[in-house]
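Spelled out from the first residue to the last, the chains are:
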Amino acid sequence: MTNPAVRVRGLGKTYRIGRSGQRPTTAVEAMLQRLRSPLARSRFTEFDALDGIDLDVPWGEALGIVGRNGAGKSTLLKVLTRVTAPTRGRIELGGRMGSLLEVGTGFSGELTGRENIFLNGSILGMTRSEIRSSFDEIVEFSGVEKFLDTQVKRYSSGMYVRLAFAVAAHLRTEILAIDEVLAVGDAEFQRKSLAKMRDVAKDGRTVLYVSHQVQTVTSLCTSAVFLDRGRLTFAGSVDDTLEVYRRSFERYAEEQRDATRRAGSGQLRAQTVVPASDVFEPAETKRFTVAVGKNADLVGQYFVSAHINDINGTVIAQCDSRAVGGWFDPAKEQEVRLSLRAPWLKPGRYTVDVFLCQMGVLDAWEGAASFEVLPGSPYPEMTLDEATARGVILADFDYEATVQARR
Amino acid sequence: MTTTPFPFTPTGIVRRVDAAPSPNAVVITPPGRLGLPRWSELWGAREVLYRFGQRDVLLRYRQTAVGVLWVVLQPLASAGIFSLVFGTVANLPSQGMPYFVFSYAGMLAWNLFNNVVGRSAPSLVTNQALVSKVFFPRLLVPLSTAMSVMLDFGVALVLGVVLLFVYGVNPGWAVLLLPVWVVLLVCCALGIGLAAASIQVKYRDVGYALPWVMQLVLYGSPVAFSIDAVPHQVRWAFEANPMTWFLEAFRWSFLGLPAPTLWQVGGMVVVSALVLLGGVLVFQKNERLFADVI
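Protein sequence lines correspond, in order, to chains B and Y. When we follow my numbering, the leftmost residue of the first sequence carries the number 3, and every step to the right adds one. When we follow my numbering, the leftmost residue of the second sequence carries the number 35, and every step to the right adds one.
No lab work stands behind these hints: they were computed from the structure. Each residue gets a CB set at the ideal place from its N, CA and C atoms; glycine is no exception. Each statement offered as a hint is correct.
With a straight-line Cα cutoff of 27 Å, these simulated BS3-like cross-link-like pairs (lysine-lysine) come out:
| hint | chain 1 | residue 1 | chain 2 | residue 2 |
| --- | --- | --- | --- | --- |
| 1 | Y | Lys167 | B | Lys155 |
| 2 | B | Lys194 | Y | Lys167 |
| 3 | B | Lys198 | Y | Lys167 |
Pulled a few chain Y residues facing chain B out of the computed Cβ check, cut under 10 Å:
| hint | residue |
| --- | --- |
| 4 | Ala59 |
| 5 | Val61 |
| 6 | Thr63 |
| 7 | Pro64 |
| 8 | Val82 |
| 9 | Leu93 |
| 10 | Arg96 |
| 11 | Ala163 |
| 12 | Val165 |
| 13 | Val168 |
| 14 | Lys236 |
| 15 | Tyr237 |
| 16 | Asp239 |
| 17 | Glu321 |
| 18 | Arg322 |
| 19 | Asp326 |
Facing chain B, according to a computed beta carbon distance under 8 Å, are these residues of chain Y, among others:
| hint | residue |
| --- | --- |
| 20 | Val60 |
| 21 | Ile62 |
| 22 | Pro65 |
| 23 | Arg85 |
| 24 | Arg89 |
| 25 | Leu164 |
| 26 | Lys167 |
| 27 | Phe170 |
| 28 | Ala325 |
Given the sequences, and given the hints that come with them, work out the whole structure.
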């Protein structure tokens, strides 16, 4: 077959952002503004959420779309699924596009499970006969048979999400766009959902998948692309793309070293952020020194907030000096020291974001420092890796048991 | 870091499907300034229209104690009040009809019009979670509201027929034209509703202004009183109001009162078509912004 499932050429999406307080929100305001200055064109700045995207996705491909926050991943999916219109460019879809942008949109609490399956299925683009023929499958997948004729508002949140996902997962469209929805339900249900999505791709249909969860991209996708500030900068195998994704954090950190490129009012800037060591043991106290410049004109004290991020960009700890009474005087140059005693960190690479704030943010330095936690276990017993594989951090815990008294 | 030149084909396990190009292929381009909706797409999504309508109906009667009785009570109470105030207190003429049936016929038409406008206008905003997350022809959201209104109208109409027997009124053959007036009135109301719904996405003012405007129209149209009761100096203004034409036509078909003039009938057709077309165009123009501004 010559035509790919999805062909995108020169796609761009531009948002107009009104200057603060400029954008009228009521018709009267809009009219008044027009009356006051009839000739002035409304002022706004333009923001390219997407620009110059070229992309071909062959049939049967499960394509992962990764990128930092705000890179345009969700916008790209919204344009592809026609929720919002593109500003430039052309998209050719080789078949019907179904979307799972958010589980449960279109569910109505007052309707029963059965009625919602039909309502939601039709909104997602299924015909009545399609819904009928997959009805039993949907019910079985969701595991809510007993409550089919109960109003959905009486469902537990787990049941609700399972039913919603089940409807969407049984879409028979040729192309399926998924945004972050696999992170619902318990671990068992997530496994089931991932398997279902893999089956979709095996059927020769095409899956477009957006996620911040690197693990699910690895287990679901057959190829991936990397989006950076609205542009597609890398495409290739999943492993290569994820490598680029991880490296983008480092490159970003490099740029952030230049204080003028950082966000924040700039009335006060951090000069350096230095960890006591490049490598730490998991349970060791991790110390960091933040050197802050001075600004005699700044009234009042400021506080420091440091975020510790793991390699996937998840913030695992916010060390805010307000929480421990740390307020500092901007009139003098300060050397602020942070000691992170708990939690224990899992082996791997970490980055530190440092924020200096008063009422507003004075300096926002993302990726100000990085450090490595060495492989090793802080626990007293030797275990297999699987004993510590789950979880984001290593917790300091104990088990005790007493024999239950018989009644 | 290496950057792959574009356009590219992602490497990976590619399973090709040897099927003919799907008939469902879609090309997406930036929207133009004005445009009519894609009719085939609307038709393809008719199931959504039906399900939305069904949802509206179910939502309104579930968890209500007397359910369908409300639909009947509303026009009955309004007609009762109108016949008390305008018929008994003000002692206005009712073209020889019992005042209660006379104002009930007016209320039938007015409720149909008012409810279609009143329910379709806020429909996009109430469904904003849907509009900003899923693609389907958005036109179906306001259109579907007409379904539950039509059901209410049907119930009220049945009651109206009972009233005709009770009061011994025979409308004659003109009753056969009633469906025509209903369709025209609904088209007209939907045109206004579509435009209002799409504007309300950006400016919520519509939600406050519209009920008020509708109330003005109610008093500016001979719903609760007869056109004969209007003094000659301002009668031309009432005659020029399309709502008057619809009310005259309704009362002709329902009560056998004098028929509207030919120019009024022609006017109804033209006004309905123009308002509906205008509503659709306004809706389409605003549609591309829905997901971004709602």
